[in-house]
Every structure is written in structure tokens, then in C-alpha cells.
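Protein sequence lines correspond, in order, to chains L and H.
This note's numbering applies: residue 1 is where the first sequence begins, and numbers increase by one.
This note's numbering applies: residue 1 is where the second sequence begins, and numbers increase by one.
Don't read these hints as lab results, they were simulated from the structure.
It is possible that some hints are incorrect.
[To be verified] With a straight-line Cα cutoff of 20 angstroms, these simulated DMTMM-like cross-link-like pairs (lysine to aspartate or glutamate) come out:
1. H:K41 / L:D48
2. L:K23 / H:E8
3. L:K41 / H:D48
4. H:K41 / L:D49
5. H:K41 / L:E65
[Unchecked claim] Facing chain L, from chain H, some residues (calculated, C-beta under 8 angstroms):
6. P113
7. G116
8. P119
9. E121
10. G123
[Unchecked claim] Just so you have them, the derived chain H footprint on chain L, three or more residues with Cβ under 8 angstroms:
11. 9-18
12. 22-36
13. 39-50
14. 80-91
For each residue, glycine too, the CB sits at the ideal point set by N, CA and C.
2 protein chains.
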Amino acid sequence: MAKPSALENLTQALQCLPGVGVKSAARMAFHLMQQDTAGAKALARALDDAVVRLRHCSCCYTLTEDVQCATCVDPARDQTQLCVVETPADQAALERTRAYNGLYFVLMGKLSPLDGVGPREIGLKRLFDRISPEGDERVSGTPIQEVILATNFTAEGEATAHVIGQALKGLPVRVTRLSRGVPVGSELEYVDVGTIAHSFIDRR
Amino acid sequence: MAKPSALENLTQALQCLPGVGVKSAARMAFHLMQQDTAGAKALARALDDAVVRLRHCSCCYTLTEDVQCATCVDPARDQTQLCVVETPADQAALERTRAYNGLYFVLMGKLSPLDGVGPREIGLKRLFDRISPEGDERVSGTPIQEVILATNFTAEGEATAHVIGQALKGLPVRVTRLSRGVPVGSELEYVDVGTIAHSFIDRR
């Protein structure tokens with residue numbers, strides 16, 4: 001074997017990253033060792049640091065370093081709206097729009113029966129505790145009035161939104177879903193038929 | 001800011017990997033922290049370990065943990081052939097073929113004038129020291145008789161092979177290049193014209 005084991009170990013370890021196979025991992029390992037050992041050291045420190053310091057927000061369940069995340073403790077946010085997203089990355093995408101000033105609930109996943117991820121695994125129980133009056137009092141004095149389902153518009157995301165919507169029917173909250181439709185800036189000719197059909201159904 | 005700084009740091013640090021932008025990095029960071037903290041710890045250890053232990057082989061310049069790599073010290077390898085490759089990954093690809101039993105020289109790069117990488121940066125001097133009689137004696141008793149240029153068939157790789165070929169003209173070694181041609185198993189109809197043209201030129 002010509003390759004040293006430290007390089008093989010690194011190539012192996014890099015494959016824990018989503019979307020990285022053996023060839024990408026080998027390329028990454030080579031790049032780091034040949035051209036960016038400083039980056040490799042920084043990455044090692046960031047990984048250790050994140051593993052040690054990150055935990056789930058007691059309120060919205062996103063990843064944070066404190067008991068509650070900065071959004072949940074921000075008094076300027078609208079305490080009556082709760083936006084349900086799949087991941088912190090989705091939350092960040094919504095925050096970038098500056099179109100929403102309410103609170104969030106991060107599922108940290110989506111329903112995916114084929115992978116063994118059911119309602120229990122994505123923490124629907126936590127979501128109900130958050131919304132229902134008792135759970136809400138524990139968190140803040142203002143009850144949630146609207147739950148906005150902002151899971152992805154994939155099969156799993158739609159299923160997740162549907163299950164949550166059904167389950168919330170008994171609670172005194174308005175449940176809405178982000179609108180489907182034609183992306184801003186796109187020409188109808190190049191938009192898929194499913195999207196156009198939905199933009200008819202959801203027309204204003 | 002809703003996102004904690006440890007997560008932001010990790011997202012930032014992951015972008016040192018080639019081909020990883022801010023969105024991929026965010027997805028990777030989230031995946032590691034939510035589903036694979038063991039993988040994150042293992043990756044941090046592998047990175048630290050590789051940075052500390054890896055160095056360049058004194059003979060072929062590949063990455064190794066010893067003074068000389070396993071290939072260079074293997075007496076069963078043909079000591080008269082030297083295959084010049086760009087990276088350890090290319091070397092590994094050639095080794096997988098089991099079609100070559102000589103030695104290697106790993107450039108650890110390629111000529112890329114636009115990125116400021118000239119003949120000096122990719123260590124052509126080291127290559128000449130390796131091939132020329134004095135340099136060769138230091139390494140092993142048998143002089144190199146054939147240099148096989150196995151740089152990639154990209155513009156930079158071809159340029160690198162050309163420059164090395166020109167520079168080796170004065171030395172008493174045979175300089176060859178891997179043949180270009182139609183990939184095994186492919187149909188002519190679907191092969192690009194440049195490749196077919198080269199397979200005419202290099203026909204046997």
C-alpha cells in the first residue's frame with residue numbers, strides 16, 4: 001500500500017459528510033494536506049468546539065449554545081406566530097427574507113417512513129407541548145395564535161406539513177402553509193406543470 | 001442572529017474543503033451536529049492526526065508518514081521506470097489498474113500559470129534531481145531508464161507533461177506519455193471528436 005494510513009483515515013472520516021463519496025473525500029484530504037493544513041486544523045477545532053458546545057434550544061429545539069436561542073428570547077419577535085421548519089438552514093433561509101418576525105419551531109428532520117423517521121422521531125410531541133396552553137405558559141405569556149407550516153415542498157416535507165396540520169386541528173390555533181406557486185423572476189414556459197397547477201389552485 | 005456561533009464557525013470552517021460552498025457547508029454542519037456527532041469527533045481526530053503525521057516522501061514526494069513511502073522502499077518494484085503523476089489520488093488510480101510495477105514521482109500539483117503555479121512551484125527541480133545520475137544514486141543504485149508522463153489529460157496536465165518532456169530531452173532517459181484514445185466499453189457515436197481524433201493519431 002502506497003497510501004499512508006493517516007491519509008486513509010482522513011479520507012474515510014471525510015465520508016461522514018453528506019454528499020461526499022470516496023473520490024471527493026480523497027480529493028478533499030489531498031487538498032487539505034497539500035495546500036491548507038491551517039484550514040484542516042481550524043476545521044478540527046471547529047468540529048470539536050461544535051460537538052462540545054451545541055445543544056437544543058429548550059423552546060424551539062434549534063441548535064444553540066445557550067438554554068434558549070437568541071430568536072426565542074428576543075422580545076421584539078411576534079410571540080403569537082410560530083413558524084415550523086425542518087432544519088436550522090431552512091430557518092436561516094426564511095430569516096434572510098426579512099418577511100417574518102415571529103418565532104420558530106425547528107423539527108430537526110422530516111417524516112420519512114422509509115428511513116424509520118416517524119412522528120415521534122421528529123419531535124411532534126415537543127411541538128404540541130410548545131403550542132398547547134400549558135406548554136406555552138412555560139415558555140412565554142402570550143399564546144400562539146398562528147402556526148405557519150414551512151416544511152419543504154418535497155414529498156416528505158408535504159407529508160410532514162399534512163400530519164402536523166391534521167394533528168393541530170383540535171387546538172385553538174390558525175394553521176397556515178407557505179404558498180406554492182411560480183418562483184419570482186421565472187417565465188411560465190419553463191416552469192414545471194405541477195408548480196403551475198398549484199399556482200392556479202393557490203391563486204390570490 | 002438566531003444561529004449560534006459554534007455552528008457558524010463550523011459552517012465557515014467546512015468551506016475550506018474544495019467544492020464546498022456556504023450552502024453545502026451549512027447542510028454538512030447541520031447533519032454532523034444533528035445526526036453524527038461521533039463522525040464529527042472522528043473527523044476532527046483524523047484531521048489533527050493527518051496534519052501532525054503526514055510529510056513528503058524524500059524520494060517521490062508523495063504524502064507519507066515515514067521518510068520514504070512504501071512504494072519507494074519496495075524492492076519488488078521496477079527501479080528503472082518512473083511514472084510522473086499530479087497527485088496521490090492519481091497514483092492510487094494507476095495502482096488500482098495493477099498494470100504498472102515501477103516507481104512514481106508525485107508532482108503534488110500541475111502547471112497553472114493563472115494561479116501563479118509555475119515549474120518551480122510543482123517541484124520540477126526535485127524531479128530532475130531524482131532522474132539525473134547524481135540524484136538517482138542518492139536514492140537507489142539503478143538509474144531510471146524510462147519516465148512515463150501520467151499527468152491528467154486536461155489543458156494544465158498536458159502543458160505540464162509538455163514542459164517536463166521538453167526539459168528531460170538532454171537526459172539519457174526514454175520519455176513516454178500515457179496513450180489518449182477511446183475509453184474501454186464506449187461506443188464511438190458517443191465519444192467526443194477530440195478523443196476520436198487523438199485515437200486516430202495514437203493508433204497502434
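Check: Which numbered hints does this structure break?
Finding: Hints 2, 6, 7, 8, 9, 10 are the ones this structure does not satisfy, whereas the remaining hints hold.
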